[in-house]
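Visitor: Listed below are the residues making up each chain.
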Amino acid sequence: MPNLRITIPGAFEDAFYYMGQLIAVTADRTLVAIDLERTLYEHFHRRVPAIYQFYFLHNEWLDRQHVKLLLSIPEVDRGLWDAGKRHESLVIEPTWQRINTSGENPGRGAVLDLQAYNRRLYISTTEGLFDADFSVSYGDLELGDVKKRLDARCISTSLKYGSLVASCGSEGLFAAYDDFGAIGQDRPPLQRAEEASSRASWFGYSLTNYSNATSLQFLSGHRQDTNKRRASVDTIYQESIVDPVLPISTDRHGQQSVVVTGLEEDARSSKRLAEDAAGADFVANSFNYFFIHMPTSEYRFYMRRHRNGHIVGARADESTGEVDTVLSTHTFHSGIVVESFNSVCLITPVGANRIYDGAALKVRTFPSGTYGVNVIAVVDEEGLNLISPLRYMGNPV
Amino acid sequence: MDAGKAVTGGIQFGPTLNGKVYISMYAHRGSRRGKSIWHVDISPAKEYELFETSDKHDWVDERGHYWSFASADGLTPTGTDEQRLAKHPSVTNSSDPWHGYPVSPKQTGDADAPPEPLVTVWVETGTITRTFARRIRDRRV
Chain A
-17 MPNLRITIPG AFEDAFYYMG QLIAVTADRT LVAIDLERTL YEHFHRRVPA
33 IYQFYFLHNE WLDRQHVKLL LSIPEVDRGL WDAGKRHESL VIEPTWQRIN
83 TSGENPGRGA VLDLQAYNRR LYISTTEGLF DADFSVSYGD LELGDVKKRL
133 DARCISTSLK YGSLVASCGS EGLFAAYDDF GAIGQDRPPL QRAEEASSRA
183 SWFGYSLTNY SNATSLQFLS GHRQDTNKRR ASVDTIYQES IVDPVLPIST
233 DRHGQQSVVV TGLEEDARSS KRLAEDAAGA DFVANSFNYF FIHMPTSEYR
283 FYMRRHRNGH IVGARADEST GEVDTVLSTH TFHSGIVVES FNSVCLITPV
333 GANRIYDGAA LKVRTFPSGT YGVNVIAVVD EEGLNLISPL RYMGNPV
Chain B
68 MDAGKAVTGG IQFGPTLNGK VYISMYAHRG SRRGKSIWHV DISPAKEYEL
118 FETSDKHDWV DERGHYWSFA SADGLTPTGT DEQRLAKHPS VTNSSDPWHG
168 YPVSPKQTGD ADAPPEPLVT VWVETGTITR TFARRIRDRR V
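In order, the protein sequence lines correspond to chains A and B. Just so you know, we're using my numbering here: the first sequence kicks off at -17 and counts up by one. Just so you know, we're using my numbering here: the second sequence kicks off at 68 and counts up by one.
Isolated chain A, as found in the complex:
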């Protein structure tokens, strides 16, 4: 299956695609950014095929009913497919904007994770967790003072429903509920929520915490309506052009009026999921799917339903197949992205699509954003690759 790819040569450690901005950390720990939207349109004027703009910019359009209808017309779908096969890869060498930092220095430790959410950049390092608010003005990214949020070595963060959770290995899982002060104070202190965490992944309003590759706890989320009226995505986009500092959330499905205010283990759900995972060597989840990988290389990818913070009903098996040893997984809007030693695959209900060959230094997806929902970033030793699968669940074939 063809996938579109944009390659940006260079020595990078990590990258995050947010609101048209591609934010990256270089190998020498410098924070840089480019306005990918502007860059691609500049290339468009140089006769770069429009299919790149279509698949890499403003991905929320792909989920719109009108776009889905358009893509359901066989001739249109076939035309895009043919164009995708004709123009599989594009190499660009943009001029990066070096982002000046003030306040705390996040560059002392090695970068372990990079996230942007609600115009706040979170940098997880071996020396702790840092954040800084930012704004985008006429394509340039301006970063506020960097603040240190946690001293612990922070492997990764996970953000949704206005809340931040930080996985800090043997030091624990830390949480800051309502991190943007929708109902309380801005940047509340992070509280230790669990004793160990190598990663954590949202599942509806709840969170699955993994203390290692297979041990998990299902933490039910308590939530509260912030009574904030939600603007439509269109309104947000239009207003964000007029006023680049307008606070908006990055959650795509309108949940920004809801804030998760606490997490509490639901032992029964944990037990059910542990039963699903018996004998596995890697377990992961996306917003409503679970992925179980066995030492034999076989995997199961299935839907689990949840209601009021509990796993309910039977497993709905979606697909099975084989994929190599799993190093990491990443939530994707229609499935889950799986990194192995020498490849990256997208697993969806219709099967596995190998989207990258080679050893990935870092893999990243952007399921909560609006711009890059159908984009997968793979950093390797030569550069940064942005990959967009041509077909996915929302695109009828």
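Honestly, the hints are just simulated from the structure, not real lab data. Do not take every clue at face value.
What the hints assert, rightly or not - Here are a few chain A residues that face chain B, going by a calculated C-beta distance under 8 Å:
(1) Asn194
(2) Thr278
(3) Ser279
(4) Thr307
(5) Ser310
Using N, Cα and C, we set each Cβ at its ideal position, and we do this for glycine too.
Starting from the known structure of chain A, arrange chain B on it as the hints suggest.
Guide: Frame of chain A; chain B shown alone:
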């Protein structure tokens, strides 16, 4: 290459240039359940070579544990469960023989991960690739 000699519990090698004696333990060759097992491609002599290299370069942490790996890109397994690293735990007395076993920070967490200063040395001296370093730091291997 040192062929080693059979002793109680394993095959003894050494001493290294720094005077350390090493035993490739049968327990980590499948004789005892619950222990991590060296990959078939890591013979007892190769296992000693990993330790010898680690000792030579002083790849030791503050607790006295030595750390090693089988290839710079981290693609060569050390153990049967897809481990890519090995740990040689510190000994009580300096004359005690050393040993080691495959480890995976992904599977067992921070206790089985080489410390950050050591990973930094490895990557800055070009001993391992940036990809392998990042995978160790992220606990992905």
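Visitor: If a hint holds in the structure, say so; if it does not, say that too.
Guide: Do the hints match the structure? See the list:
1. Of the supplied interface hints, the one on A:Asn194 holds, with its beta-carbon coming within about 6 Å of a beta-carbon of chain B, less than 8 Å.
2. Because the closest C-beta pair between A:Thr278 and chain B is about 12 Å apart, greater than 8 Å, the hint is violated.
3. The interface hint given for A:Ser279 is violated, since its Cβ lies 11 Å from the closest Cβ of chain B, which is over the 8 Å cut-off.
4. The interface hint given for A:Thr307 holds, since its Cβ lies 5 Å from the closest Cβ of chain B, which is under the 8 Å cut-off.
5. The restraint placing A:Ser310 at the interface with chain B holds, with a minimum CB-CB distance near 5 Å, inside the 8 Å limit.
Hints 2 and 3 from the earlier list are contradicted by this structure; the remaining hints agree with it.
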